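Engineer: So you can see what is in the structure, the chains are spelled out below.
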Amino acid sequence: MHHKLIAAALCAGLVLPAAARADEASDLAAMRAEMKQMQKDYIARMAAMEKRLSKTEAELKAAKQGGTAKPVAAATPGTTKPPQQSLAQAAPPPPSPPPPIPDQSAAMMDLPPSPPSAPPTSNNSFNPGIAAVLNGMYMAAAHDTSNSRIAGIAMGDEAGLPPRGFSIGESEISLAANIDPFLSGFLDISFQDDNSPTVEEAYIQTKDLGGGFTLKGGRFLSGIGYINERHAHDWLFSDAPLPYRAFLNNQYGDDGLQVRWLAPTDQFLEFGAEIFRGDAYPAAGARNTGMGTYTAFVHTGNDINDSSSWLAAASYLHSDAMGREYNDSLFNGRTDLGILSAVYKWAPGGNPTVRNLSLTTEIFYDQQSGRYEVSDGPLLPVNQSRWGGYVQGDYQFMPQWSFGLRYAMLGTDKVPLALTGTDLDDFGHTGNAETALLEFDTSEFGRFRAQYTHDEAGLKPNDEILFQFTVIYGPHGAHRY
Amino acid sequence: MKKFILCAAVAALGMASPAYANLSVFACEPEWGALSSEIGGDKVSVYTATTGQQDPHQIQARPSLIAKARSADITVCDGAELEIGWLPMILQQANNPKIQPQAPGQFDATTFVPLLEQPLAYDRALGDIHAAGNPHIQTDPRMILPVAKALAARFAQIDPANAATYQARLADFDKRWTAAVAKWTAMAAPLKGTPIVVQHHAWIYMERWLGLVEVAPLEPKPGVPPSSGYLAQVLAKLQATPAKFSIRAAYEDDRPSTFVAEHANIPAVALPFTVGGTEQAKDLFSLYESSITLMLGALKK
Numbered sequence: 001m002h003h004k005l006i007a008a009a010l011c012a013g014l015v016l017p018a019a020a021r022a023d024e025a026s027d028l029a030a031m032r033a034e035m036k037q038m039q040k041d042y043i044a045r046m047a048a049m050e051k052r053l054s055k056t057e058a059e060l061k062a063a064k065q066g067g068t069a070k071p072v073a074a075a076t077p078g079t080t081k082p083p084q085q086s087l088a089q090a091a092p093p094p095p096s097p098p099p100p101i102p103d104q105s106a107a108m109m110d111l112p113p114s115p116p117s118a119p120p121t122s123n124n125s126f127n128p129g130i131a132a133v134l135n136g137m138y139m140a141a142a143h144d145t146s147n148s149r150i151a152g153i154a155m156g157d158e159a160g161l162p163p164r165g166f167s168i169g170e171s172e173i174s175l176a177a178n179i180d181p182f183l184s185g186f187l188d189i190s191f192q193d194d195n196s197p198t199v200e201e202a203y204i205q206t207k208d209l210g211g212g213f214t215l216k217g218g219r220f221l222s223g224i225g226y227i228n229e230r231h232a233h234d235w236l237f238s239d240a241p242l243p244y245r246a247f248l249n250n251q252y253g254d255d256g257l258q259v260r261w262l263a264p265t266d267q268f269l270e271f272g273a274e275i276f277r278g279d280a281y282p283a284a285g286a287r288n289t290g291m292g293t294y295t296a297f298v299h300t301g302n303d304i305n306d307s308s309s310w311l312a313a314a315s316y317l318h319s320d321a322m323g324r325e326y327n328d329s330l331f332n333g334r335t336d337l338g339i340l341s342a343v344y345k346w347a348p349g350g351n352p353t354v355r356n357l358s359l360t361t362e363i364f365y366d367q368q369s370g371r372y373e374v375s376d377g378p379l380l381p382v383n384q385s386r387w388g389g390y391v392q393g394d395y396q397f398m399p400q401w402s403f404g405l406r407y408a409m410l411g412t413d414k415v416p417l418a419l420t421g422t423d424l425d426d427f428g429h430t431g432n433a434e435t436a437l438l439e440f441d442t443s444e445f446g447r448f449r450a451q452y453t454h455d456e457a458g459l460k461p462n463d464e465i466l467f468q469f470t471v472i473y474g475p476h477g478a479h480r481y
Numbered sequence: 001m002k003k004f005i006l007c008a009a010v011a012a013l014g015m016a017s018p019a020y021a022n023l024s025v026f027a028c029e030p031e032w033g034a035l036s037s038e039i040g041g042d043k044v045s046v047y048t049a050t051t052g053q054q055d056p057h058q059i060q061a062r063p064s065l066i067a068k069a070r071s072a073d074i075t076v077c078d079g080a081e082l083e084i085g086w087l088p089m090i091l092q093q094a095n096n097p098k099i100q101p102q103a104p105g106q107f108d109a110t111t112f113v114p115l116l117e118q119p120l121a122y123d124r125a126l127g128d129i130h131a132a133g134n135p136h137i138q139t140d141p142r143m144i145l146p147v148a149k150a151l152a153a154r155f156a157q158i159d160p161a162n163a164a165t166y167q168a169r170l171a172d173f174d175k176r177w178t179a180a181v182a183k184w185t186a187m188a189a190p191l192k193g194t195p196i197v198v199q200h201h202a203w204i205y206m207e208r209w210l211g212l213v214e215v216a217p218l219e220p221k222p223g224v225p226p227s228s229g230y231l232a233q234v235l236a237k238l239q240a241t242p243a244k245f246s247i248r249a250a251y252e253d254d255r256p257s258t259f260v261a262e263h264a265n266i267p268a269v270a271l272p273f274t275v276g277g278t279e280q281a282k283d284l285f286s287l288y289e290s291s292i293t294l295m296l297g298a299l300k301k
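Top to bottom, those sequences are chains A and B. All residue numbers in the first sequence are consecutive under this note's numbering, ending with 481. All residue numbers in the second sequence are consecutive under this note's numbering, ending with 301.
Simulated from the structure, these hints should not be mistaken for lab results. Please note: incorrect hints may appear among the correct ones.
[Unchecked claim] Below, computed lysine-lysine pairings styled on PhoX-like, alpha-carbon distance capped at 20 Å:
#, chain 1, residue 1, chain 2, residue 2
1, B, 183, B, 282
2, B, 98, A, 207
3, B, 221, B, 183
4, B, 300, B, 282
5, A, 207, B, 68
6, B, 192, B, 301
[As the list claims (entries may be wrong)] From the structure, some residues in chain A lie toward chain B, with a derived Cβ separation under 8 Å:
#, residue
7, 147
8, 342
9, 345
In this text, all values refer to a predicted model and were calculated from it rather than measured experimentally. Here a beta-carbon is modelled for each residue, glycine too, at the ideal position from N, C-alpha and C.
Isolated chain B (complex conformation):
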């Protein structure tokens, strides 16, 4: 009986803290959650803090997020102040030394690629600007691979036992991704030079990748909702330089882009922006494929 109790106690302890627990990943956005799964496979447990239906700028620092961050081994986030409105509060309340700033368990994707639009002046009069540059790098799939490489290295650093797995999965991902990017680039060739309007100034990396030309954003300044007066200005501008279609992230308020699309007689396209933003964008691969398909469809209209 004593032996049984001892066995049970040991078993209970083992269950409470399994020696070979998965690396616990707290991903801030779905694209980085998906990438963590691609690189980590079954060696990591990924919790994604936001969904494709949520604006990653504005998340409430909910109790559930604090509880999840408490036991995370690594946060995989966009960085460049995208999450500044909520993540610092989560980190402060979770008070988990593993994921504090500068710890190996804090991984910011935007530190591994060159950012565009690093502001020359920091002034809140300019709207919701990010001091490090435009953080929405995931709109260009070419930005994913450098992040993937850095992430595999980071996983290996924190979890050396599975370093080989991470490297092997990275090599496999690299191969599939490089092929896919070439395919998407070819597929999107007709979009080159297409004038568009965007709701939030969040697509500059995609615009550069595909050669799209942004005629105007529907926000007078980043993060500032448009007034009807401003939308009238945009419509006037569209008369002089017509756009082919308008795009917005699926989570954004559809009213401004629908209004402009109706009055300028152009299609309004809701792009997934991230994994899970639309039903079609199930993973990283279908995210870009479905985005291009949506825009090609709008071009034909």
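Just chain A, with the same shape it has in the complex:
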């Protein structure tokens, strides 16, 4: 047994090295073949490089004589590297000290080679686009504006006017970025002039659904109407038109989900629907297990010719309110609101740089039904319809300068006897406001406005002059139509 083992070990000792040698031999052959291949490759590469060089020289000559364009190696699709780099990538790595490759692009174009932009290495290169919007206002008015009213409307908390004197209104900070290939995110925090921060918008949106679908979720401004979805700094006037103040507390934004579908048609045609928590005016109390508001809207639009284009929209909003407060009153019930919007824009030849005009009109109609309670009094039934509308024009008559005119009005049903004298009673008054605006833009990021309003929204007429600056800095996305 022992001997057998030794013999086997000996045998193994004899055989194994031989096997190893055989392996070595085959390895050597492989290495030789590899080296030969490398040599071949090297020769081929050198030949290719020489060819490239002579081509470059020929082109250089041609450029000096005739000046033809040099061919830049077509970069692979999707890369954004400067062509100098793609050129370097295209050339094979030379194993020996490289022959000097003239910077083709620079030589051919007679320009100093631009420094290749080094890829950013710091850990802030994925930072989102951060933009800030600053506002400053000065309000002069015949009567105090801080407790201004709209006749017949139990207003939301933001529907009022700026106070007299200096104020900053809303300052906003927004952060926007792609989250990954499928989602983008947007956060907008606004600071009221009492220093309290508010999350204005905080949503994610799909980028890659295809089929014309987009989903949005989080807190966002509803797509109803025309100006509702725009941030205040993107409005054509310093304040929201009267119906937006009365029906939507300036604009409707809430926590929820939105789906939009863009039809594959030549004419722009978009459908959208939303469901919201229902905590924001005209909703309140997050009814229906936190799904108190839903909306639907359709947008359509097209060009008329090179110079003019239009957009039209029809929107519907249903909201439920539980304990919506105003002064010492409460409202419980539902509001169904419909909005029709039309926008027309004109610019000579479609070039808005020097002169351009935009006309907007929107009509609001709503039905408010439920129960109304004043100072812990009895619950009074309400069934009231209200309507409003505005028409506005804005004309840029020369670069940087524009003026605007706006007329807005608002009316409500006569209230039943039990509600006479409450905030829902307009005392037969039809609210209206006429506004004129003069605007000077230092650039697309800086703006000064002077706005005059003859305000008869409440029972007591007021005359208001508002001076305002608005600036945006940091990367700021392009604006909607």
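Given chain A, work out where chain B should sit, using these hints.
Structural biologist: Only chain B this time, still in chain A's reference frame:
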């Protein structure tokens, strides 16, 4: 009858989504629309989002553009932030995965040529600057060919079935273009060294190509309209270093250049800047030919 209905249904489906539909191109500017047609021929349907009468920096994100981008297979744009004021909004609202950033269906011409004037500092106090460099590459025809080559490759990548056509059309275009550039360069020889004033600082590639010398732009900073005080400064400068003529893009406000031209007693030339900018600039070839003719005409005055 049933068969007929079935046939009709199939036919209707076929019409709704033809199997061999053309590659749908959304070109941001007329020069890239024209180049797309040169390379794509009848294999592509080109929609050009702007005209030669429009300032490509400032386009309204109109509903019609969103609808067109919705069904595009590829956008062919200048890039380098030229369209930053409107295209991102179009892309966001169209939400077409094919043409989102980094997708093969987003083609930016300026990524295929070296750009001049890459700013050392990004500060909006410097005016309307573009972080990637000056984007107006189409003022030099030598920049067109590298873009054409990249575009043919990109068309072939997205639409491999017609790759051979794109390559053949590119080869043909290459030949005609190289000859034309040589012809234009020779034709424009008298312009070498000519001092000029420009309205917007948008002509640096043409200036380098033809050896024109820019005495001053009529904008104090890119994109900032001139005040009368600034124009007076330009006039003072022109007294010391006279220019032969002023140039502006046909779409630009003619008042500053007309004002300076009148007071400095030099001709004001409106160049097409892109295809369709003037009546003569019907296609890529006549764009450069008519531009040079206009400038040679102004030189003689």
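Engineer: What hint numbers does the structure not satisfy?
Structural biologist: Hints 3, 4, 7 and 8 not satisfied by this model.
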